[in-house]
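S.K.: Now for the letters of each chain:
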Amino acid sequence: DTAVSQTPKYLVTQMGNDKSIKCEQNLGHDTMYWYKQDSKKFLKIMFSYNNKELIINETVPNRFSPKSPDKAHLNLHINSLELGDSAVYFCASSLGTRTDTQYFGPGTRLTVL
Amino acid sequence: DAKTTQPNSMESNEEEPVHLPCNHSTISGTDYIHWYRQLPSQGPEYVIHGLTSNVNNRMASLAIAEDRKSSTLILHRATLRDAAVYYCILRARVDQGGKLIFGQGTELSVKP
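Residue numbers (my numbering), protein chains in the order written: chain A, 1000 to 1112; chain B, 86 to 197.
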């Protein structure tokens, strides 16, 4: 059973479109995250949700809107896609918000043309 | 946030031990030392963590210097599957929302 899953795995779209990436975890964790890995392989936190509440928003453009319908899901919606949004997006989850181990999904490779 | 310094890349031969160093001279007394790795085309995965004492698990060992300003991740017998980018990350015990702050990491290549 996959602990943290993301859909889709690949997403190719045109500039200006709106797209969503979905994430689900079956670990019973309270906290979920979105990270972005750019073309230089640099991994950076974007958002963190704990019990469906936003706790970290790392100066991400407001074109990015995370939504957590329940503790097991954290989706990422991106409006008006730009070329610079091309990256691999990773979802992760952890039991709590302190130093708990984070479990990552397989990533979604977004390519904006 | 306290910073870590790692070599950009290292090479190892298969079935030999590998020692991956990490410097963290500004570590505070309550910072945990965590290691994650990212295999090619996969998400990062947890390897090991520690506070003051050396730690062992099924994947690796973590040796922490007495002054805690450096640590070493030890893979006892490298396999081809261990080729990955290894990240040394300090995590404050004080609640900062749980975020992981990744540096550049060390890219480990393993030769058969």
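What the hints contain is simulated information worked out from the structure, not anything from laboratory work. Some hints could be false.
[Said to hold, decoys possible] Calculated cross-link-like contacts (lysine-lysine; reagent style BS3-like; alpha-carbon spacing at most 30 Å):
#1 B/K88 - A/K1018
#2 A/K1040 - B/K196
#3 A/K1008 - A/K1021
#4 A/K1040 - A/K1021
#5 A/K1070 - B/K154
#6 A/K1070 - A/K1018
#7 B/K88 - A/K1035
S.K.: Now tell me, hint by hint, if it's right for this structure.
M.R.: Comparing the hints with the structure gives:
1. B/K88 - A/K1018: violated (35 Å)
2. A/K1040 - B/K196: Distance of about 23 Å is within 30 Å: holds.
3. A/K1008 - A/K1021: holds (10 Å)
4. A/K1040 - A/K1021: holds (22 Å)
5. A/K1070 - B/K154: violated (37 Å)
6. A/K1070 - A/K1018: Satisfied, since the Cα-Cα distance of roughly 22 Å is no more than 30 Å.
7. B/K88 - A/K1035: The given pair, whose Cα atoms are some 20 Å apart, holds under the 30 Å limit.
Checked against the numbered hints above, the structure breaks hints 1 and 5 and satisfies the rest.
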